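Trainee: First to last, the sequence lines map onto chains C and U.
Under our numbering, the first residue of the first sequence carries the number 18, and numbering increases by one thereafter.
Under our numbering, the first residue of the second sequence carries the number 3, and numbering increases by one thereafter.
These are computed hints drawn from the structure, not numbers from a lab.
Some hints here could point you the wrong way.
Here are the simulated lysine to any residue pairs, SDA-like style, with alpha carbons at most 25 Å apart [stated by the list, open to error]:
no.	chain 1	residue 1	chain 2	residue 2
1	C	192	U	375
2	C	199	C	145
3	C	154	U	375
4	C	192	U	45
5	C	64	U	200
6	C	145	U	370
7	C	186	U	265
8	C	192	U	195
9	C	192	U	262
10	C	145	U	375
11	C	154	U	288
12	U	288	C	256
13	C	145	U	283
14	U	288	C	352
15	U	288	C	192
16	C	186	U	274
17	U	650	U	198
18	U	288	C	333
19	C	186	U	590
20	C	145	U	323
21	C	333	C	352
22	U	288	C	180
23	U	612	U	199
24	U	288	C	145
25	C	64	U	199
26	C	192	C	244
27	C	145	U	45
28	U	288	C	330
29	U	288	C	244
30	C	154	U	200
31	U	46	C	333
32	C	186	U	375
One-sided and incomplete, this derived list gives chain C residues near chain U with beta-carbon spacing under 8 Å [as the list claims (entries may be wrong)]:
no.	residue
33	123
34	125
35	164
36	184
37	186
These numbers come from a predicted model, not from an experiment.
We put the CB at the ideal spot given by N, CA and C, even for glycine.
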Amino acid sequence: MSETHESAGIAENAKNAEDKAAAKSAGSAKSAPVISVRNLWKVFGPKSHRIPGDPELKDLSAAELTKRTGCTAAVRDVSFDVQNGEVFVVMGLSGSGKSTLVRCLTRLIEPTAGTLEIDSHDVLGMDKARLRELRRKRAAMVFQNFGLLPHRTVIDNIAYGLEIQGMAKAERRAKAAEMAEKVGLAGLGQRRPVELSGGQQQRVGLARALAVDPEVLLFDEPFSALDPLIRRDMQEEVIRLHREEGRTMVFITHDLSEALRLGDRIALMRDGEIVQCGTPEEIVATPADDYVRDFVRDVPREQVISVRRAMRPADKSEANGGAELSPDTLVSDAIETMARGGENLRVVDDGRTIGVIDYACLLNVVAGLDEDGEGEPDKGKEVAAV
Amino acid sequence: MSTPTIHEQGEQKAPDAPPPRQADTGPEQHAAPSALQRLAGSPKALLVLLTVLVVVVSAAVSGSGAWPQAWTVDIRTPLNDLDNWLVDNRETSPIFLYFLLHISNFAETSVDAIISLFDSMGWMGVTVVGTLIAWASGGADLSRRALRTGGTALGVFIACGVLNMWQATMETLALMTAAVFGSALLGLLLGLAAGLSDRFERMLRPVFDTMQVMPAFAYLLPLLLMFNIGVPSALIATVIYAAPPMARLTSLGLRSADPAALEASASLGSTPWQRLWTARFPLARKQMMLGLNQAIMMCLSMVVLASLIGSEGLGDEIYQALGSLDIGTALTAGIAVVLIAVLLDRTTSAAGERLDATVNVGTTRLMARVRLAVWGMTAVLLGVFAAIGSSLGEREWPDAWTVDITRQLQSGVDFFTDHLGTGVPVLGGTVTWAHGFTDYLLNPMRTGLLTTPWWALALLVGVVGWLVGTWRAALTGVVCLALIGMMGLWETSMDTLSQVIGGLVLTMVVGLVFGILTARVERVERILRPVLDTMQTMPQFVYLIPVIALVGLSRSAGIIAAVIYAAPAVIRITSQGLRYVDPAAMEASRSLGATSKQQLLQVQLPLARKALLVGVNQGVVLVLSMVVIAGLIGGGALGYEVVQGLSKGDLSQGLPAGIGIVCLGIMLDRMSQPAGQRPRE
Numbered sequence: 018m019s020e021t022h023e024s025a026g027i028a029e030n031a032k033n034a035e036d037k038a039a040a041k042s043a044g045s046a047k048s049a050p051v052i053s054v055r056n057l058w059k060v061f062g063p064k065s066h067r068i069p070g071d072p073e074l075k076d077l078s079a080a081e082l083t084k085r086t087g088c089t090a091a092v093r094d095v096s097f098d099v100q101n102g103e104v105f106v107v108m109g110l111s112g113s114g115k116s117t118l119v120r121c122l123t124r125l126i127e128p129t130a131g132t133l134e135i136d137s138h139d140v141l142g143m144d145k146a147r148l149r150e151l152r153r154k155r156a157a158m159v160f161q162n163f164g165l166l167p168h169r170t171v172i173d174n175i176a177y178g179l180e181i182q183g184m185a186k187a188e189r190r191a192k193a194a195e196m197a198e199k200v201g202l203a204g205l206g207q208r209r210p211v212e213l214s215g216g217q218q219q220r221v222g223l224a225r226a227l228a229v230d231p232e233v234l235l236f237d238e239p240f241s242a243l244d245p246l247i248r249r250d251m252q253e254e255v256i257r258l259h260r261e262e263g264r265t266m267v268f269i270t271h272d273l274s275e276a277l278r279l280g281d282r283i284a285l286m287r288d289g290e291i292v293q294c295g296t297p298e299e300i301v302a303t304p305a306d307d308y309v310r311d312f313v314r315d316v317p318r319e320q321v322i323s324v325r326r327a328m329r330p331a332d333k334s335e336a337n338g339g340a341e342l343s344p345d346t347l348v349s350d351a352i353e354t355m356a357r358g359g360e361n362l363r364v365v366d367d368g369r370t371i372g373v374i375d376y377a378c379l380l381n382v383v384a385g386l387d388e389d390g391e392g393e394p395d396k397g398k399e400v401a402a403v
Numbered sequence: 003m004s005t006p007t008i009h010e011q012g013e014q015k016a017p018d019a020p021p022p023r024q025a026d027t028g029p030e031q032h033a034a035p036s037a038l039q040r041l042a043g044s045p046k047a048l049l050v051l052l053t054v055l056v057v058v059v060s061a062a063v064s065g066s067g068a069w070p071q072a073w074t075v076d077i078r079t080p081l082n083d084l085d086n087w088l089v090d091n092r093e094t095s096p097i098f099l100y101f102l103l104h105i106s107n108f109a110e111t112s113v114d115a116i117i118s119l120f121d122s123m124g125w126m127g128v129t130v131v132g133t134l135i136a137w138a139s140g141g142a143d144l145s146r147r148a149l150r151t152g153g154t155a156l157g158v159f160i161a162c163g164v165l166n167m168w169q170a171t172m173e174t175l176a177l178m179t180a181a182v183f184g185s186a187l188l189g190l191l192l193g194l195a196a197g198l199s200d201r202f203e204r205m206l207r208p209v210f211d212t213m214q215v216m217p218a219f220a221y222l223l224p225l226l227l228m229f230n231i232g233v234p235s236a237l238i239a240t241v242i243y244a245a246p247p248m249a250r251l252t253s254l255g256l257r258s259a260d261p262a263a264l265e266a267s268a269s270l271g272s273t274p275w276q277r278l279w280t281a282r283f284p285l286a287r288k289q290m291m292l293g294l295n296q297a298i299m300m301c302l303s304m305v306v307l308a309s310l311i312g313s314e315g316l317g318d319e320i321y322q323a324l325g326s327l328d329i330g331t332a333l334t335a336g337i338a339v340v341l342i343a344v345l346l347d348r349t350t351s352a353a354g355e356r357l358d359a360t361v362n363v364g365t366t367r368l369m370a371r372v373r374l375a376v377w378g379m380t381a382v383l384l385g386v387f388a389a390i391g392s393s394l395g396e397r398e399w400p401d402a403w404t405v406d407i408t409r410q411l412q413s414g415v416d417f418f419t420d421h422l423g424t425g426v427p428v429l430g431g432t433v434t435w436a437h438g439f440t441d442y443l444l445n446p447m448r449t450g451l452l453t454t455p456w457w458a459l460a461l462l463v464g465v466v467g468w469l470v471g472t473w474r475a476a477l478t479g480v481v482c483l484a485l486i487g488m489m490g491l492w493e494t495s496m497d498t499l500s501q502v503i504g505g506l507v508l509t510m511v512v513g514l515v516f517g518i519l520t521a522r523v524e525r526v527e528r529i530l531r532p533v534l535d536t537m538q539t540m541p542q543f544v545y546l547i548p549v550i551a552l553v554g555l556s557r558s559a560g561i562i563a564a565v566i567y568a569a570p571a572v573i574r575i576t577s578q579g580l581r582y583v584d585p586a587a588m589e590a591s592r593s594l595g596a597t598s599k600q601q602l603l604q605v606q607l608p609l610a611r612k613a614l615l616v617g618v619n620q621g622v623v624l625v626l627s628m629v630v631i632a633g634l635i636g637g638g639a640l641g642y643e644v645v646q647g648l649s650k651g652d653l654s655q656g657l658p659a660g661i662g663i664v665c666l667g668i669m670l671d672r673m674s675q676p677a678g679q680r681p682r683e
């Protein structure tokens, strides 16, 4: 992979994310990434450690590899950075290795090869005690199947992480009650998990993770087991929490709309590899290959793509007339504005007109004809190379 | 689903298949292949048919086929030598002085201590504390469960007193207390090891599998050998016999703990110990409680049976009474044993249910405190009664409050034997039936087995073992059969085998009929369930008593006892197998308009095949374990040899028979155990 392109892309994205984070919780932004993953491998099977280092084996396809060695590479040569305050979504179909990847981050599954740093600490080199410290304080996880303890009350489930850290009973219960309130479980503290609905159970899981006040929240398909309406509620909940606290999140999902809604950046995985990594808009507007294109085909593009990508260069005559839009305005909003006013729109950045939106531009986006030809082709290529 | 249905359709058409004179109707022949053609298409069926053919023909030709005398090994002489050495060295050998004697002394002392504790508490103290413990296990509140459990305990204690069995009951309870404690502890430790370490699990599983197949009877002799006759032998035999279910279920519970919860615990940075205490153990406690319940019931079964090697108490009462054919006394003691079984089962299962309930419904802190207080109070009362209980009245249940029902029971039994045993017009009577069963089924079968050449039988065992299970099962079966032959026990074993087969056939008939009924008729299920529950908790020994009353001392008596003993498990497995058939398949068959009978024959039974095989397997194991105990009541064969060996202290007679029983058990188990799965508790 081309390092330069990659880092350029990441830097670009990091800037976006940082801006966002800074806007949400001023001052908490750092220059170094919270999580930094380089060339991470996880191979299951006999003598799995030899595969990442073997130049011949490492480039084999998944089926070929299984046939040749009996091993399965769940995570293949994955690299990415997660910036402070960012919601980083890893998306892929089942079996694409995304759940394995998130478990590798705290070594719930031991990676086979690569480097992994959290807050510039080398995670793979940690001994057991330091690893526990990492799991206790830095990264907490929310699981698809909740993983609650059925014999404990809601409060004691939320307080479980604090109990493991050795916090005294009264103190941890008070903290847990506070967390229960935060995630909307007030008054349910004395219930047992089986008495709660699926959505409520996952709120307990979320509260348990929040209770230890981790730097990073890891979500492993937390809402896949829930009904669509409740899933939406929970997504809102996560968005709200992120807006309030600005906590860094790594979010695993197989649901594209969930990924687009929550993610500041999305990494799309297939067969253990990241096929594309970028903002939702980049992924939808400039898919890296046919697989990604197929994946995002049914996405309502006007709700993801901004006018910056949809506009055409302005003629001299157009530089002053018509309503103004900022470059980050979504196409769907532009459609609304245009429907109201009926004339072309100007895209204005720093008081300077950088482009014009007309009917054709908007329709191109909706019809999916804007790809590659329009917007910023260079940037699209750059992302595709990652 | 489609395969069995098609198969069944073929089967159904078979009767319509053209017999020779209709052979000219060509098309029908194509539609329904003849039985012979279908047989040729299935190599397995062909193999079985061939083997059976070989067995029958060789039996008819040779006429006698016992294991060749020249291939037997004399094991009596070395066993006698060992026995003599043991007698000579029991007091002096370091193995005894520094190891076995300590164990045996410890066992003796602990049981004695418990008996004297009961003694000093007096009957009142024991009743009050026992009732309190049961009530507290049921939840220590005014709920129906708690009151019922406490009430049961009170009733059982009073009944045992009134039946004039107080002293024997206390002895049994004392032995039980020690045995349950021992086997629960042993089982817990082994289960912990097996649950946490894969290597231990791999090591222990075959051991437990074998122990589960071994009839209780087989445990007695080796312990007699090491610890001599007396309470220590009985206690240790019981502990060993009852530990596996506890270990198994503990391990199962630890292993089947919700992986998501364990992962969540790990993700929060728990140490392995924290994970064990806060997640694994609590998640496994339901299974562990079930294990404890099973261990307790097996303890009771063994404690009663161990009267053969010197345990006192109710078992001994039964044993002595059976010896002198005093059915009245045996029945009275039997009733007391059943009552204790009910008490123990109710108490532990109430505790188990409560475990479920606390998961379901939130418990208030107040209630938790009340419960703690009740347990505390019980402990204090125990101490108080131990100190002053004996001055509060008599130690034993007052004589004035006892009712002697032995005479009435005896006369009832006599009446029964006189009027129903023989000479009932047309029907014949129970004893007549038993004789008929012996004459027309058991004897021909035994003769058949004895005339079959040994190699033909080994072939049959091998083929069945291979077809049902794996080639390894087949090999084990054949080796076991060969061992039996080499020990010179061929004829006695064939006798036992004929009884087992007879019992198994009856058990399967009863089990299938009632299993199908309970699975399909709600009312039968409702009526039978409590009966089956009670029957499955009763000690084996107790089943012998009413059977003698019915049919007298005979081989049939043992078989009837075995059928009664084994049927509940088979009924339960069959009915569960039928009921848990994939509902989608049932629905599909209903939507195609299948009649009730078609549903049963074409969907339920074929899909429940695995469960039915498990039922056969359980049936074999249970029937065997009972058939050998029936050696006490005229069953003869291997069981009788063991009884003789035990009562005469003759190692060379009892031990080979005991090993023979184990071999037979393993052989039968392997022949009926479907490949790739073990019946679970």
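Trainee: Flag every earlier hint the structure violates by its number, smallest first.
Mentor: 1, 2, 3, 4, 6, 8, 10, 11, 12, 14, 15, 17, 18, 19, 20, 23, 24, 26, 27, 28, 29, 30, 31, 36, 37
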